[in-house]
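Make a model of the complete structure from these sequences and hints.
Residue numbers (our numbering): 23 to 187.
These aren't lab readings, by the way, just hints derived from the structure by calculation. As the structure is a computational prediction, the values presented were derived from the model and not from experiment. Among the hints, erroneous ones may be present.
Claimed, not checked - Taking CB as the label site, the calculated pair distances span: (1) G143 x V109: 31 to 41 Å; (2) A116 x E63: 23 to 33 Å; (3) R141 x L79: 47 to 57 Å; (4) F92 x R141: 42 to 52 Å; (5) L38 x F122: 39 to 49 Å; (6) V40 x V109: 33 to 43 Å; (7) G51 x S115: 29 to 39 Å; (8) S115 x S34: 44 to 54 Å; (9) S115 x F172: 50 to 60 Å; (10) Q125 x E85: 42 to 52 Å; (11) A116 x S136: 14 to 24 Å; (12) P62 x G143: 24 to 34 Å; (13) L160 x V109: 18 to 28 Å; (14) R96 x F168: 53 to 63 Å.
Even glycine gets a Cβ: it sits at the ideal position worked out from N, Cα and C.
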Amino acid sequence: MNFKRVGWFFRSIFFLVVAGTVLGGLVMGLVFWHFSKDLPEIMTVNDYRPYTVTRILGGGGKEEELLGEFYKERRYVVPFEKIPDLVVKAFISAEDDKFFQHQGINPASMLRASIANFRAGQVVQGGSTITQQVAKSLLLTPERSFSRKFKEILLASKIERNLTK
23 MNFKRVGWFF RSIFFLVVAG TVLGGLVMGL VFWHFSKDLP EIMTVNDYRP YTVTRILGGG
83 GKEEELLGEF YKERRYVVPF EKIPDLVVKA FISAEDDKFF QHQGINPASM LRASIANFRA
143 GQVVQGGSTI TQQVAKSLLL TPERSFSRKF KEILLASKIE RNLTK
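And the structure:
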């Protein structure tokens with residue numbers, strides 16, 4: 023057995039692994055920088071002002087009468103405390119059953135959905151967490167692209183670091 027040849031082989035493999043790791047890290051750093059440089063600022067819950075219904079009340083008697091409603095989007099804000107626990111559990115169960123276990127993204131769920139969508143040749147499943155859906159609906163556009171998805175992932179992670187569940 024030629025030990026010089028074996029030593030050269032393992033040094034070469036070691037060098038390739040180190041070089042690949044450094045190069046991969048640089049590429050991931052550049053991708054992260056590219057997509058995060060123009061991300062919108064996340065807002066706090068106190069800053070969120072959804073479009074709500076303007077209600078016109080009137081009437082000369084003891085009871086006020088609803089005369090009309092004006093709205094761009096017909097939303098009624100309900101405080102979290104008034105939402106029944108069963109409704110919260112049902113929503114989490116349907117949308118993101120691992121909501122309390124992850125930090126804004128669920129790679130296993132995204133991989134599962136990607137495989138299902140690839141097999142079907144179209145989008146048949148979503149892999150976004152509730153936090154990713156919030157990031158998309160409040161801070162990004164609904165377009166379907168890898169660029170928007172990557173920004174959604176970055177924002178979801180940022181939201182999870184800055185807000186409580």
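Taking the hints in turn, this is what the structure says about them:
1. Against the hinted window of 31 to 41 Å, the Cβ-Cβ separation of G143 and V109 comes to about 36 Å, which satisfies the hint.
2. In this structure the hint that A116 and E63 lie 23 to 33 Å apart at CB holds, the actual value being about 30 Å.
3. R141 and L79 have their C-beta atoms about 55 Å apart, which keeps the hinted 47 to 57 Å range intact.
4. The given range of 42 to 52 Å is respected by F92 and R141, whose C-beta atoms sit roughly 47 Å from each other.
5. At roughly 41 Å, the beta-carbon separation of L38 and F122 lies within the given 39 to 49 Å, and the hint holds.
6. One distance hint, 33 to 43 Å for the beta-carbon pair V40 and V109, is violated here, with the actual separation near 53 Å.
7. Between G51 and S115 the CB atoms are about 37 Å apart, so this pair conforms to the stated range of 29 to 39 Å.
8. A hinted range of 44 to 54 Å holds for the C-beta pair S115 and S34, which are about 52 Å apart.
9. One distance hint, 50 to 60 Å for the beta-carbon pair S115 and F172, is violated here, with the actual separation near 28 Å.
10. Distance hint for Q125 and E85: a CB-CB separation of about 50 Å, consistent with the stated range 42 to 52 Å.
11. Range check, A116 to S136: about 20 Å between beta-carbon atoms, so the 14 to 24 Å window is met.
12. One distance hint, 24 to 34 Å for the beta-carbon pair P62 and G143, holds here, with the actual separation near 33 Å.
13. Between L160 and V109 the C-beta distance comes to about 21 Å, which sits within the given range of 18 to 28 Å.
14. Restraint check, R96 to F168: a C-beta distance of roughly 34 Å breaks the suggested window 53 to 63 Å.
The structure does not agree with the numbered hints 6, 9 and 14 stated previously, though it agrees with the rest.
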